[in-house]
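Starting from the known structure of chain A, fit chain B onto it as the hints suggest.
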Amino acid sequence: MIRLSELTEALTETLADRVVELRLVRGNELHCSVRPLDVPALAALLRRGFGAELVFMAAADRRADRGVFEVHYLFAPEREPWFLHATAAVPADAPALGSLATFHYPASRFEREIYDLFGITAEGHPDPRPLVRHGFWPAEYFPLRKDAGAREFSDDGQSFPFTEVGGEGVYEIPVGPVHAGIIEPGHFRFSVVGETIIDVKSRLYFTHKGTEKLFEGREPAAGVELAERISGDTTIGHSLAFCQALEAAAGMTVPERARYLRVVLLEMERLYNHVADVGMIANDTGYAVAHSHCFRIRERLLRLNKQLTGNRLLRGGIVSGGVGGDLPAGLDLPAEVDSALRDFEEIVGLTLENTLVMDRLEGTGRLTTRTARDHGVLGYVARASGIDTDVRRDHPFAAYAELSFRVPVFEAGDVKARTLVRVEEARESAGLIRQAVERLPRGPLAAPLGELPAFAPAFSMVEGWRGAIIHWVMAGADGRLERVKILDPSFLNWRPLSYALLKNIVPDFPLCNKSFNQSYSGNDL
Amino acid sequence: MIGYVLEVAQAALALVLAPGLVGLVRWMKARLQNRRGAPAWQPYRELGKLFRKEVVVSSNASWLFRAAPFVVFASTVAVTFLVPILAVPLPFDGVGDLLVVVYLLLLGTFFLSLAGLDPGSPFGGMGASREMTVAALAEPTVALAIFALALSAGSTNLGQIVARTMTAPGAALSPGHLLAFAALFIVTLAETGRLPIDNPATHLELTMIHEAMILEYSGRYLALIEWAAAVKLLIFFSLLGNLFVPWGVSMALTPGTLVVAVASLLAKFVVLAGAVAVLETRIAKLRLFRVPELLSASFVLALLAVTSSFLLR
Numbered sequence: 001m002i003r004l005s006e007l008t009e010a011l012t013e014t015l016a017d018r019v020v021e022l023r024l025v026r027g028n029e030l031h032c033s034v035r036p037l038d039v040p041a042l043a044a045l046l047r048r049g050f051g052a053e054l055v056f057m058a059a060a061d062r063r064a065d066r067g068v069f070e071v072h073y074l075f076a077p078e079r080e081p082w083f084l085h086a087t088a089a090v091p092a093d094a095p096a097l098g099s100l101a102t103f104h105y106p107a108s109r110f111e112r113e114i115y116d117l118f119g120i121t122a123e124g125h126p127d128p129r130p131l132v133r134h135g136f137w138p139a140e141y142f143p144l145r146k147d148a149g150a151r152e153f154s155d156d157g158q159s160f161p162f163t164e165v166g167g168e169g170v171y172e173i174p175v176g177p178v179h180a181g182i183i184e185p186g187h188f189r190f191s192v193v194g195e196t197i198i199d200v201k202s203r204l205y206f207t208h209k210g211t212e213k214l215f216e217g218r219e220p221a222a223g224v225e226l227a228e229r230i231s232g233d234t235t236i237g238h239s240l241a242f243c244q245a246l247e248a249a250a251g252m253t254v255p256e257r258a259r260y261l262r263v264v265l266l267e268m269e270r271l272y273n274h275v276a277d278v279g280m281i282a283n284d285t286g287y288a289v290a291h292s293h294c295f296r297i298r299e300r301l302l303r304l305n306k307q308l309t310g311n312r313l314l315r316g317g318i319v320s321g322g323v324g325g326d327l328p329a330g331l332d333l334p335a336e337v338d339s340a341l342r343d344f345e346e347i348v349g350l351t352l353e354n355t356l357v358m359d360r361l362e363g364t365g366r367l368t369t370r371t372a373r374d375h376g377v378l379g380y381v382a383r384a385s386g387i388d389t390d391v392r393r394d395h396p397f398a399a400y401a402e403l404s405f406r407v408p409v410f411e412a413g414d415v416k417a418r419t420l421v422r423v424e425e426a427r428e429s430a431g432l433i434r435q436a437v438e439r440l441p442r443g444p445l446a447a448p449l450g451e452l453p454a455f456a457p458a459f460s461m462v463e464g465w466r467g468a469i470i471h472w473v474m475a476g477a478d479g480r481l482e483r484v485k486i487l488d489p490s491f492l493n494w495r496p497l498s499y500a501l502l503k504n505i506v507p508d509f510p511l512c513n514k515s516f517n518q519s520y521s522g523n524d525l
Numbered sequence: 001m002i003g004y005v006l007e008v009a010q011a012a013l014a015l016v017l018a019p020g021l022v023g024l025v026r027w028m029k030a031r032l033q034n035r036r037g038a039p040a041w042q043p044y045r046e047l048g049k050l051f052r053k054e055v056v057v058s059s060n061a062s063w064l065f066r067a068a069p070f071v072v073f074a075s076t077v078a079v080t081f082l083v084p085i086l087a088v089p090l091p092f093d094g095v096g097d098l099l100v101v102v103y104l105l106l107l108g109t110f111f112l113s114l115a116g117l118d119p120g121s122p123f124g125g126m127g128a129s130r131e132m133t134v135a136a137l138a139e140p141t142v143a144l145a146i147f148a149l150a151l152s153a154g155s156t157n158l159g160q161i162v163a164r165t166m167t168a169p170g171a172a173l174s175p176g177h178l179l180a181f182a183a184l185f186i187v188t189l190a191e192t193g194r195l196p197i198d199n200p201a202t203h204l205e206l207t208m209i210h211e212a213m214i215l216e217y218s219g220r221y222l223a224l225i226e227w228a229a230a231v232k233l234l235i236f237f238s239l240l241g242n243l244f245v246p247w248g249v250s251m252a253l254t255p256g257t258l259v260v261a262v263a264s265l266l267a268k269f270v271v272l273a274g275a276v277a278v279l280e281t282r283i284a285k286l287r288l289f290r291v292p293e294l295l296s297a298s299f300v301l302a303l304l305a306v307t308s309s310f311l312l313r
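First to last, the sequence lines map onto chains A and B.
Mapping of the first sequence onto the working numbering: position 349 corresponds to residue 349, and the numbering continues sequentially without gaps.
Mapping of the second sequence onto the working numbering: position 220 corresponds to residue 220, and the numbering continues sequentially without gaps.
Isolated chain A (complex conformation):
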């Protein structure tokens, strides 16, 4: 790792006593400790000299054993396979960090989340409004602190501080959190002139369930079933990210056969979700034929899922140290998937040939590359806006390094581009499933996980069907889970939706929203 030795040198030279305890972990992670107010200097050095950006932040309450809060930063370059993991010890009496918010937008979201859940202030944050915090929470209630406990909730009588847009003819349309369709809750406030949207604010976190806290105190392996339920449509994405993080922490290697089967499961999940999404996008243009057929094909794939794992949503597919089951004997999975894909291609053909549908998709909800980059957008939303990113290729996991696939990238950033990315990815998924099954090595399905070392954090990145998922785990002194932090791509992808909507018309909102299709549950946690 030439870059890492260069980085070590640069860090010791320029930030000599501010960044300490440098050590190499697992071959490609450089871990270090940084003083909380020196984080901006570290981030600036990483961006300037090494092209690495902040991808993830997690706080942990270590007051019981260390007497401090810890905030962990993960920096990664766009294409190179290394990470910098920095830990800042934040004093418990006046917890404060040096803010990165004016430097990097995703940091602003992470810092607001950390304040609402841990009460750690980000010094110099330009927009310290609540993000996760619900108005019913008592003052000074920080639910992810270890001593938070259950509290009485009551209405504070305050309305949510939405930005008001004034001017002649501007009016507001509040929508949700309860919608006419069967979808998750989220409140959207449109400021509109005529039918043209000039501003949208979304208010989420209605489904904040304390998911991360529910992990605490569990046996590591018992966290998998919870990880599967973080977002109902991303069972494999989240359980795989969680298990890989456990495996990295325990320092174990997953058997060959399991690595290939994990690819199969992850691609099955991507496939059924992309097929369903294309149908839903068509339905929002009123083209119901494509919708009903895509749902038929989705059903077909769900039945395959059931044959594979015994569960239509692939629950039980991933276990810590391997996979839950083998390919069922007598099932020709590649043939079944190819046949479903051909079925899907026919519907895609019909949809793309329909000029009325295409007229609705083209140019609608355009997210520019610049805005997408600024927001650290992930997954198909990024790839539709010209950002060539895919964890499967950039930081390979499971068996992806040994398989060949293309990463489709479109420049337009409109609903059409987001639809086409899904179509292309569905094709690639079918190809990956075929390759993985054909090259499936023999051997055991799982290996024992082993003990997790105390207070030694580990993480894993997985390209779920929505985009990059990061799970970060740390075990306590008793070997049980001390802290788990989850990053669903929705956390970074929800905000840019508001930008994609600007200058669009109100009746096109559902179409734009569906083309993003972000998870409420995965965002709210």
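None of these hints come from the bench; they were simulated from the model.
Glycine included, each C-beta is placed from N, C-alpha and C at the ideal position.
Be aware that a few hints might be false.
[Stated by the list, open to error] Restraint-style ranges between C-beta atoms, simulated for each label pair:
no., chain 1, residue 1, chain 2, residue 2, range
1, A, Gln158, B, His203, 28 to 36 Å
2, A, Asp478, B, His203, 45 to 53 Å
3, B, Leu64, A, Phe160, 29 to 37 Å
4, A, Glu299, B, Pro91, 52 to 60 Å
5, B, Phe289, A, Glu13, 55 to 63 Å
6, B, Ser62, A, Gly167, 28 to 36 Å
7, B, His203, A, Gly149, 24 to 32 Å
8, A, Arg373, B, Phe289, 25 to 33 Å
9, B, Val95, A, Gly167, 44 to 52 Å
10, B, His203, A, Glu123, 40 to 48 Å
11, A, Gly167, B, His203, 29 to 37 Å
12, A, Thr368, B, His203, 54 to 62 Å
13, B, Thr257, A, Glu353, 46 to 54 Å
14, B, Val278, A, Arg442, 52 to 60 Å
[Claimed, not checked] Far from chain B, some chain A residues (derived; all Cβ distances over 10 Å):
no., residue
15, Arg3
16, Ala282
17, Asp338
18, Glu402
Coordinates of chain B only, in the frame set by chain A:
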């Protein structure tokens, strides 16, 4: 006397058939989309359910909100007395001609829009504003398209237009008639809230037109509005079927011709429902700002129809 009995029977038939017609279109659409679909009589069950359910009215709503369903229903039922559904000539032919029909329908739309604005919910206002945009463009086309027929018949009386086409069958294929039919068909889609103008199957409140206006309604009020909407569909189908292809409409008022009239009416409805179902399956919803373009096109068709009817008279 028989005329008045027939007039009432015709209105009653329209009221009874209308929900089934909506159900038929839905069923055909479902079959075309590879779905099993609810049976055609499902709307009757829905109306029955709504009539039994309690009414919830927003505390911001005024008398207008409660009055509107009755105005909408009454004005629509009144139109069924004026439109040739089974037989011509009928005694009420003299009471109202095509202009009365157009403006009675507009009266319902007008009150529905007011009722959409009344409770102050953002969706109602949005729906009302869109409905008015569509209505302003669609209503003149209805009048103009029928006026093209009126020109060749020499009367704006709908009964006489039917009778005239029956006596001079060649007129049915004249350019004026064909253009007017195309114009009226497009307007039928707009007026009855169907694709590509409005999506009757959507649950997305932000894209709705007709449904957004009536989002606040419940119970028997909603039932009346839904029923009136179904009758409106039947009225437009009758206009399309009987003004342009009048054969089957009873002129002698004898039991035999009336049986033929009912049978031919049902046949025309099935054909039109099939056409709408196929169209709704084949096309997507237009972007809202493209709707005026489509409706302007239908207006131009209607204008051409009038011009050609006038020149070829």
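Taking the hints in turn, this is what the structure says about them:
1. Roughly 32 Å separates the CB atoms of Gln158/A and His203/B, a value that falls within the hinted 28 to 36 Å.
2. The given range of 45 to 53 Å is respected by Asp478/A and His203/B, whose C-beta atoms sit roughly 49 Å from each other.
3. Between Leu64/B and Phe160/A the CB atoms are about 32 Å apart, so this pair conforms to the stated range of 29 to 37 Å.
4. One distance hint, 52 to 60 Å for the beta-carbon pair Glu299/A and Pro91/B, holds here, with the actual separation near 57 Å.
5. For Phe289/B paired with Glu13/A, a C-beta distance near 60 Å keeps the hint of 55 to 63 Å intact.
6. Roughly 29 Å separates the CB atoms of Ser62/B and Gly167/A, a value that falls within the hinted 28 to 36 Å.
7. Range check, His203/B to Gly149/A: Cβ separation about 41 Å, and the 24 to 32 Å hint is violated.
8. Under the hint 25 to 33 Å, the C-beta atoms of Arg373/A and Phe289/B, about 30 Å apart, fit the expected range.
9. Taken as a hint, the range 44 to 52 Å holds for the pair Val95/B and Gly167/A, whose Cβ atoms sit roughly 50 Å apart.
10. The hinted window of 40 to 48 Å between His203/B and Glu123/A holds, with their beta carbons roughly 46 Å apart.
11. With their beta carbons about 32 Å apart, Gly167/A and His203/B fall inside the hinted range of 29 to 37 Å.
12. Taking the beta carbon of each, Thr368/A and His203/B are about 31 Å apart, not inside 54 to 62 Å as hinted.
13. Range check, Thr257/B to Glu353/A: Cβ separation about 48 Å, and the 46 to 54 Å hint holds.
14. Taking 52 to 60 Å as the suggested C-beta distance range, the pair Val278/B and Arg442/A conforms, at roughly 55 Å.
15. Consistency note on Arg3/A: stated as away from chain B, and its beta-carbon is indeed over 10 Å from all of that chain's, at 48 Å minimum.
16. The Cβ of Ala282/A sits about 8 Å from the closest Cβ of chain B, inside the 10 Å cut-off, so the non-interface label is violated.
17. Here Asp338/A stays apart from chain B, with its beta-carbon at least about 21 Å from theirs, past the 10 Å limit.
18. At roughly 40 Å, the least C-beta separation between Glu402/A and chain B is larger than 10 Å, which holds for a residue marked as non-interface.
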